[in-house]
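J.: Once you have looked at the hints, place chain U on chain R.
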Amino acid sequence: KAGVTQTPRYLIKTRGQQVTLSCSPISGHRSVSWYQQTPGQGLQFLFEYFSETQRNKGNFPGRFSGRQFSNSRSEMNVSTLELGDSALYLCASSLGTSNTEAFFGQGTRLTVV
Amino acid sequence: AQRVTQPEKLLSVFKGAPVELKCNYSYSGSPELFWYVQYSRQRLQLLLRHISRESIKGFTADLNKGETSFHLKKPFAQEEDSAMYYCALSSSGGYQKVTFGTGTKLQVIP
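Chains R and U supply the protein sequences, listed in that same order. Using the working numbering, the letters of the first sequence correspond one by one to residues -2 to 110. Using the working numbering, the letters of the second sequence correspond one by one to residues 15 to 124.
Isolated chain R, as found in the complex (with noise of 0.2 Å):
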């Protein structure tokens, strides 16, 4: 089956703009969660989305967003970017019910200049 998508691979946005990243669960996936990548920071949780709605949140300012649609896919929207905001940015899906697995995507990776 097919594993999880994220689109797209590579951004190059400046100071100021909004970027949205895309993330497509693998099939009957219903929980999509987003993580920010840094090598200073390691991974870190921004939020999780199940049957379309927020059930976890991060640390992270208002200016991190997300949802997630009736067929699971998920998008992740960052306002008003800044240079810190340069990572790789994960998608994971999961059956999202006890001891399961998270199947990650390959990452959107994200450059603020």
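One or more of the hints may lead you astray.
Said to hold, decoys possible - Below, in silico cross-link-like pairs of lysine to any residue (SDA-like), each with a Cα-Cα straight-line distance of 25 Å or less:
(1) U/K111 with R/E72
(2) R/K54 with R/S67
(3) U/K29 with U/L61
(4) U/K111 with R/S19
(5) U/K111 with R/L85
What the hints assert, rightly or not - Example chain R residues on the side facing chain U (calculated, C-beta under 7 Å, incomplete):
(6) G39
(7) N53
(8) E98
(9) F101
(10) Q103
(11) L107
What the hints assert, rightly or not - If the Cβ cut is set under 10 Å, some of the chain U residues that face chain R in the computed set are:
(12) I70
(13) S104
(14) V112
(15) T113
(16) F114
None of these hints come from the bench; they were simulated from the model. Note that beta-carbon positions come from the ideal geometry of N, C-alpha and C, so glycine has one too.
T.: Relative to the frame of chain R, chain U by itself:
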């Protein structure tokens, strides 16, 4: 609140030496723990989960509830083990909430 701590950002060992990647957790219920690995230029993927009590690529991890730890061990490190390792905790019962540690980079020196 659930929390996962990986105290080492970088662990360097020589090939053939034993490896222990530390993971401590904080969780009020009965936890479900995982180790994920990310090799260079590859996506993050599951290495093993405690409930399976399995050995993958020579790695094992034992859940120690008394010490709230889930350390990852391998008796003899190989160069191909060099990667980023993340410990993760999943809440049990009801819906799943997964918390990842910040990761440990394992560097195996030839």
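J.: List, from low to high, the hint numbers that the structure doesn't satisfy.
T.: When the structure is compared with the hints, numbers 11 and 12 turn out to be violated.
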